[in-house]
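Trainee: One-letter residues, chain by chain:
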Amino acid sequence: MSEEEHVLELLIGPQHPASGHMRLVAKVDGDVVVSLRPDIGYVHRTVEKLAETKNYIQIIPLIERPPLADTANHNLGYVLALERLLGIEAPPRAQWLRTLLAEMTRIHSHFYGLGIHGIMLGSSTAFMWAFWDREIMIELAQRLTGARLTYSYMIPGGVRRDLPPGFEDEMDKALRYLERRIPDYHKIFFDNPVTRARLEGVGVLRREDAIRLGIVGPNLRASGVPYDVRKVDPYCAYPELDFNVVTREEGDSLARMMVRVGEIRESINMIRQILKKMPDGPILEERYLKMIPPKWKEWMAQHRRIKLPAALISLRPPKGEAVARVEAARGEAVYYIVSDGSPKPYRFRVVSPSIRNVVLFEHLIRNCRVADIPAIYGSLDYFPPEADR
Amino acid sequence: MMGLLEWILDLLLSPWLFVPLIYPGLISAFAVLLFIIWFERKLAAKVQLRYGPLYVLKRLGGAIQLVADLLRYLFAEPIVPDQADRLAFIFGPILLFASSYIAAIAIPISYDFYAFRSEISLLVVLGLNTLAPAFNLVIGWGSNNKFGLIGGLREGFLITADEIPMFVSALAMAVLYGTMDLVRMVELQSEWLWGIALNPLAAVTFFVLMLLSTSRFPFEIVEAESEIVMGPFTEYSGILYGLTMGASYVKLYVLSLLFAILFLGGWEPLPPLEFPGSWLILPGAVLFLKALVIMCLSVFMRAVYPRYRIDQALRLAWHYLFPASILSVFLSLLVLSGWSI
Amino acid sequence: MASKSESQVQGKAEAAPPGEIETLLGEVLEGLSPEISSARGAVSVKVPPDRLKEAAERLKAAGFDHVKAVTGIDRPDSGEIELVYHVSSYLDPRLSKWIVALRTTLPRDNPETPSLYDVWPSVKYHEMEQREMLGIHFSGHPDPRSLLLPESYEGVPPLRKDFKVKVEGINA
Amino acid sequence: MTDRRWSSPVFRLKGHLDAILTGAKYLITPRATVRYPEEVIELPEGYRGFIEYKKDICISCGLCATVCPANAMKMYVERAAEPGEEAPAEEVKPKRYPGINYTRCIFCGFCVDVCPTGALEHVETHDVAYEDFNSMIYPPGEFAAGPPKPEFDTPPRRLRPTMDERRGIAYEPAD
Chain A
0 MSEEEHVLEL
10 LIGPQHPASG
20 HMRLVAKVDG
30 DVVVSLRPDI
40 GYVHRTVEKL
50 AETKNYIQII
60 PLIERPPLAD
70 TANHNLGYVL
80 ALERLLGIEA
90 PPRAQWLRTL
100 LAEMTRIHSH
110 FYGLGIHGIM
120 LGSSTAFMWA
130 FWDREIMIEL
140 AQRLTGARLT
150 YSYMIPGGVR
160 RDLPPGFEDE
170 MDKALRYLER
180 RIPDYHKIFF
190 DNPVTRARLE
200 GVGVLRREDA
210 IRLGIVGPNL
220 RASGVPYDVR
230 KVDPYCAYPE
240 LDFNVVTREE
250 GDSLARMMVR
260 VGEIRESINM
270 IRQILKKMPD
280 GPILEERYLK
290 MIPPKWKEWM
300 AQHRRIKLPA
310 ALISLRPPKG
320 EAVARVEAAR
330 GEAVYYIVSD
340 GSPKPYRFRV
350 VSPSIRNVVL
360 FEHLIRNCRV
370 ADIPAIYGSL
380 DYFPPEADR
Chain B
0 MMGLLEWILD
10 LLLSPWLFVP
20 LIYPGLISAF
30 AVLLFIIWFE
40 RKLAAKVQLR
50 YGPLYVLKRL
60 GGAIQLVADL
70 LRYLFAEPIV
80 PDQADRLAFI
90 FGPILLFASS
100 YIAAIAIPIS
110 YDFYAFRSEI
120 SLLVVLGLNT
130 LAPAFNLVIG
140 WGSNNKFGLI
150 GGLREGFLIT
160 ADEIPMFVSA
170 LAMAVLYGTM
180 DLVRMVELQS
190 EWLWGIALNP
200 LAAVTFFVLM
210 LLSTSRFPFE
220 IVEAESEIVM
230 GPFTEYSGIL
240 YGLTMGASYV
250 KLYVLSLLFA
260 ILFLGGWEPL
270 PPLEFPGSWL
280 ILPGAVLFLK
290 ALVIMCLSVF
300 MRAVYPRYRI
310 DQALRLAWHY
320 LFPASILSVF
330 LSLLVLSGWS
340 I
Chain C
0 MASKSESQVQ
10 GKAEAAPPGE
20 IETLLGEVLE
30 GLSPEISSAR
40 GAVSVKVPPD
50 RLKEAAERLK
60 AAGFDHVKAV
70 TGIDRPDSGE
80 IELVYHVSSY
90 LDPRLSKWIV
100 ALRTTLPRDN
110 PETPSLYDVW
120 PSVKYHEMEQ
130 REMLGIHFSG
140 HPDPRSLLLP
150 ESYEGVPPLR
160 KDFKVKVEGI
170 NA
Chain D
0 MTDRRWSSPV
10 FRLKGHLDAI
20 LTGAKYLITP
30 RATVRYPEEV
40 IELPEGYRGF
50 IEYKKDICIS
60 CGLCATVCPA
70 NAMKMYVERA
80 AEPGEEAPAE
90 EVKPKRYPGI
100 NYTRCIFCGF
110 CVDVCPTGAL
120 EHVETHDVAY
130 EDFNSMIYPP
140 GEFAAGPPKP
150 EFDTPPRRLR
160 PTMDERRGIA
170 YEPAD
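Chains as they are written, first to last, in numbering that gives the first Met the number 0: chain A, 0 to 388; chain B, 0 to 340; chain C, 0 to 171; chain D, 0 to 174.
Don't read these hints as lab results, they were simulated from the structure. All figures in this text were calculated on a predicted structure; none of them were measured in a lab. Some clues are possibly wrong.
Covered stretches of chain A (in silico footprint by chain B; criterion: 3 or more residues with CB under 8 Å from a CB of chain B, positions within the stretch not fixed) [unchecked claim]:
id : region
1  : 13-23
2  : 192-204
3  : 362-370
Taking beta-carbon pairs under 10 Å as the criterion, some of the chain A residues facing chain B (in silico) [claimed, not checked]:
id : residue
4  : Leu9
5  : Val27
6  : Leu49
7  : Met119
8  : Ser122
9  : Phe126
10 : Met127
11 : Trp128
12 : His185
13 : Ile187
14 : Phe188
15 : Tyr234
16 : Gly377
No residue lacks a Cβ here, since even glycine has one placed at the ideal position from N, Cα and C.
Input sequences plus hints: build the corresponding full structure.
Mentor: Okay, here's the thing in structure tokens:
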């Protein structure tokens, strides 16, 4: 038989229970996937072009939309780039608050990824559990920022709100709850023999390939590369936090999943340290603080919020460019801003972790079985809107 | 007038009509279907910290959700795709459902109430029960959908892998009891011990194979939503889809009844009660309850497991379950020899 | 987890002091007429377009093992498109502190440049994106598909400045 | 680093048992669901919900409309008097007031934070259902009439979430 006669072209998505907003074009020979090509762009929303029409501060909500489960880290990446361009730095307490929200977001984003991975393998329990435990962090983030996911919390020069009263105690209870839950996850999902059978040795990403293809985040670290922006190019409060970079050597789907679990544990530890060590002080840079009318000072102290000074609306960074990177939950996010001195960026570039990981679809889903497609897809924690931007 | 009613009642209570039509046949199969799917959803929901079906008859926790679903299926338009093989597409689900249920006619519900008693009634049940998967293949091929095709082929691979060891582990019990007559088997169990105590290996093997052949988790491979949408049933809608979905539960029901007879002592022990009709109701209820427990245990797996890959399921069936079923035959012989000593 | 110690070593690794990275880049790219500048903690190397691939090869050999971003910047005023490759390293802790912007300028009416896919396979999807968004032709790129835009898209590449976004004004 | 124990069938069998027992354990764990229209979670103070507008202290500076990232907030010109017409002062020299379009609002709260007089403030409401898009647009007059309120057939039970070590979030009756 010729190749065409026994190879079936399988169009998985965009209308498929487990494809996400993308299409996977798989060539299948029997039960074996010969090759697979990702077709992305179904949720492209022109963030880079739209940003050119918006003032700098208006871009904050815009860049939060694509990586929906992981907004705070992307918000942070953008704000860091902008601050670099403006030549300002947030005061220490704001830096710690940013780190706090970034780590909370990492926890709930990882739960999101684990849950999706669970349902892709058919474990509805893992899915429902993860989405419930994600809710814990979302509830706390909501108290801190006033929104569930689209926080828009970090602004150039600081953050918008301070810790609400009683936050530390509530967080402590929440973290202890999460620590109690993780063993149950192990029993019913991570260490379930069926999960092991489905993931171990499936979709192995070798270390050289991970580097060559420019993979980021837990997917890179699961292949034994200890690259984490929080260590390599520390920002905010990370230099003062004691944490490990979770790595695994195997590079298979199980390793990628377990790196995320390990990172949840590390984030729990980090949040404890943050709440213990957080310094007192203002949460907005002094020059902006001075612009707020004095009559608001008392209100601000009472409500633990800041008023946006009008100057922030139409920031005019000097001509030039700045690049910043952060370790978002799904991997390294790079923000690159080119300014021509006007209130709107001349060129705005977002490189989200998912667009850098999309190459893994064609690289990993090859010579595996049809059932491995969702198993590997889920392990990548790939998020189509984040890749399409 | 009374004469007519009595005549009808007599007719209905005659085993040749009662067994295929009422219990354990069609009507009770439907009732079980409506209950067990609801219960499966409730069980999974409870493990997953949520309610599951709730709002249709809220007082009973949404117990008639499936009745509502059935009505919806009945009134939804069954769409037949242009490119599908119409004959196979429409009759496939009907035959699938019928063949899943047909084995129930050979199941006795007490020492003297059965549609027929035969020396080989075990073989009749097992044989009729094997028919159903073939129609999955027909459906998958007939619906002319790539996912349907893959799903049908998966079923094709699984037929041999689950039916052969299942035959063998059931026959291990036949060896043990020295008969293939289901009524006689229950009789013997009430004299000796339950089958599950005599040959636990056969019981465990049979149970796992039951999950495999009825597409329960962790072997929900034929449908596998995240991989092949709905497998052979991808193109179905309306009541035709309802039939395909119900078929595997009906098969589970029949196999659970068989499991109860083979391993759990059938309708023994009977509670010492006397009331009109107790000669029929009591053994029927005991048998039904045992089967129901088995079914609940099977559907509970949805809350615990992800699904295996097809090659892993095949490996499990051929590398572990098939040898285990052969071993269980030897175990039966061993038990027999121990018995005679 | 086994590499805990390794990562700590990496975390504590001394940053190349200012000036060192520029010197290093100068040595690596010697003879390619690079213009090296640094501002706001970022290092930038500009090379002529015909030297881009060679510069990339030398950077790769020097330990810059992956590309973080490929960005085209349309500059209609000067009739140029600036192409920026942000490169860094995963393995060399001295280099991974830095993001080096390898840049070149292409003529706006016929922006063509060799694809760096052979050097850094990690540019694959970034170059595809810049191709459709700015109309830059990367010769030798293995995948001719469009990435985010529909295959049927015709017209001005969206990230060119002459593609105008119609925005509803605040008083509309 | 692959765990060697997994190659042992006995260890795998224990894994199966653990999984099933954990599933069984959760059959008696309390549920997490909040049955929404009957029970409503009380939102924390400072929640960024619908916006309350106090027109009397608005100074028509237009900062809210300028900062709005989604162009949801717009300045509307109040009715202007014809030249020579006798009219109240605010119609002779028309002022601009903000109106909001909730089809576009993303509840980022920038307008609230930037308002120099505090004429804009969030209320802790987010669950309002509309029948058509047009009714989601609030010109200044309607905007000033107060934020929309959700309608329930029966008054819902209000639940206050508190963190709980055993259950994650415990929802307790708020009143």
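Trainee: For the restraint on Met119 of chain A, tell me whether the closest CB of chain B is nearer than 10 Å.
Mentor: With a minimum Cβ separation of about 5 Å from chain B (threshold 10 Å), the hint on Met119 of chain A holds.
Trainee: Holds or violated: is there a CB of chain B closer than 10 Å to the CB of Ile187 of chain A?
Mentor: 6 Å, holds
Trainee: Given as covered by chain B, does the region 192-204 of chain A meet the bar of three residues or more with CB within less than 8 Å?
Mentor: With 4 residues closer than 8 Å to chain B, the region 192-204 of chain A meets the three-residue bar; holds.
Trainee: Once the shortest beta carbon distance from Tyr234 of chain A to chain B is found, is it less than 10 Å?
Mentor: 37 Å, violated
Trainee: Regarding the hint that Trp128 of chain A lies at the interface with chain B, is the smallest CB-CB distance below 10 Å?
Mentor: 7 Å, holds
Trainee: Is the interface hint satisfied for Gly377 of chain A? The criterion is a beta-carbon contact with chain B at less than 10 Å.
Mentor: 8 Å, holds
Trainee: At a threshold of 10 Å, is the proposed contact between His185 of chain A and chain B supported by beta-carbon distances?
Mentor: 14 Å, violated
Trainee: Hint validation: Val27 of chain A versus chain B, beta carbon distance must be below 10 Å. Holds or violated?
Mentor: Holds. Min distance 8 Å.
Trainee: Under 10 Å, Cβ to Cβ, is where Phe188 of chain A needs to be relative to chain B, so tell me if that hint holds or is violated.
Mentor: Result: holds, 7 Å to nearest chain B Cβ.
Trainee: Next item in the hint list is Met127 of chain A. Is there a CB on chain B closer than 10 Å to its CB?
Mentor: 4 Å, holds
Trainee: How does the region 362-370 of chain A fare against chain B when you require at least three residues with a CB closer than 8 Å, holds or violated?
Mentor: holds (count 3)
Trainee: The hint names Leu9 of chain A as touching chain B; please verify it with the least Cβ-Cβ distance against 10 Å.
Mentor: 6 Å, holds
Hints 6, 12 and 15, counting from the list given before, are not met by this structure.
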